[in-house]
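Number of protein chains: 2
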Amino acid sequence: MIRAAGCELCASPGGHVVWSDDRLRVLRVDDAGFPAFYRVVWTDHVGELSDLSDADRAHCLDVVVQVERCLRDHLKPTKINLASLGNVVPHLHWHVVARFDWDSHFPQPIWGVALRQARTEQLDAVRAALPVVDSALQAALPR
Amino acid sequence: MIRAAGCELCASPGGHVVWSDDRLRVLRVDDAGFPAFYRVVWTDHVGELSDLSDADRAHCLDVVVQVERCLRDHLKPTKINLASLGNVVPHLHWHVVARFDWDSHFPQPIWGVALRQARTEQLDAVRAALPVVDSALQAALPR
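Keeping their order, the protein sequence lines are chains A and B.
Quick note on the working numbering: the first sequence kicks off at 3 and runs consecutively.
Quick note on the working numbering: the second sequence kicks off at 3 and runs consecutively.
The hints are simulated quantities; they were obtained by calculation from the structure and are not laboratory data.
All clues stand as given, with none of them false.
The list treats identical chains as one, so a pair stands whether inside a single copy or across any two.
Pairs of lysine to any residue, SDA-like flavour, derived with a Cα cap of 25 Å:
no. : residue 1 : residue 2
1   : Lys-78    : Arg-129
2   : Lys-78    : Ser-55
3   : Lys-78    : Ser-52
4   : Lys-78    : His-47
5   : Lys-78    : Ala-6
6   : Lys-78    : Val-91
7   : Lys-78    : Ala-7
8   : Lys-78    : Glu-50
9   : Lys-78    : Asp-56
Model the full structure from these sequences, guided by the hints.
In structure tokens:
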């Protein structure tokens with residue numbers, strides 16, 4: 003396993019691990035404003051998507067798409083946002099976030115300025131559905 | 003071709019077209035603060051990555067990775083940022099942005115709050131290298 007000293011995604015899972023294999027893990031991030039926030043974290047300390055072999059890249063992106071599908075199927079979000087940034091933690095990880103037209107930043111990216119405060123009931127309703135998303139993910143991904 | 007009324011990416015290219023085939027186009031966006039900003043825009047009006055067939059999705063992501071490779075090879079950026087958001091324009095498009103540790107927002111996402119003003123000479127140096135990036139992309143992508 004390739005690890006880098008001082009990298010927080012090498013040192014700890016980085017969230018609640020919903021599924022993993024020998025190459026990557028799928029995390030659910032505990033974010034107050036965006037409850038349906040998942041991450042796909044590559045196990046090895048690799049900086050960019052293009053550092054992966056073709057097979058590894060395909061696997062990584064297949065899992066990203068599978069997370070997207072489960073979020074769409076079970077939460078009916080307004081939009082899915084996908085991003086691989088890694089400016090702060092340059093260890094390959096994908097953000098997969100279900101966005102709703104009522105969320106604090108929509109239609110702005112989650113990294114921008116809040117436009118409103120989301121209603122607690124709406125956030126709670128999404129949060130209550132996450133175990134079903136997690137189970138669907140576990141069922142959809144290879145054992 | 004699937005088009006949607008009122009969609010700006012159905013109505014116009016959305017930037018300087020560097021390369022295209024029958025399924026997608028690669029654009030260079032004219033952004034003052036982030037000169038090495040490319041977009042991969044799917045031709046059909048499709049909202050999410052998971053709406054594509056497996057073959058189309060693989061093609062789309064292969065092109066995204068090829069843009070990433072050309073940016074890395076020719077600009078040596080600090081980081082590549084990839085994102086498919088589409089909250090404002092829900093027509094599948096990927097942002098591929100070369101980030102530099104001196105740019106206005108680094109290490110924050112480009113959609114956040116500026117941390118500094120980038121120096122004109124550094125922006126100009128990146129801008130001057132873009133024709134080489136475009137040529138490399140045209141050479142790397144299938145004819």
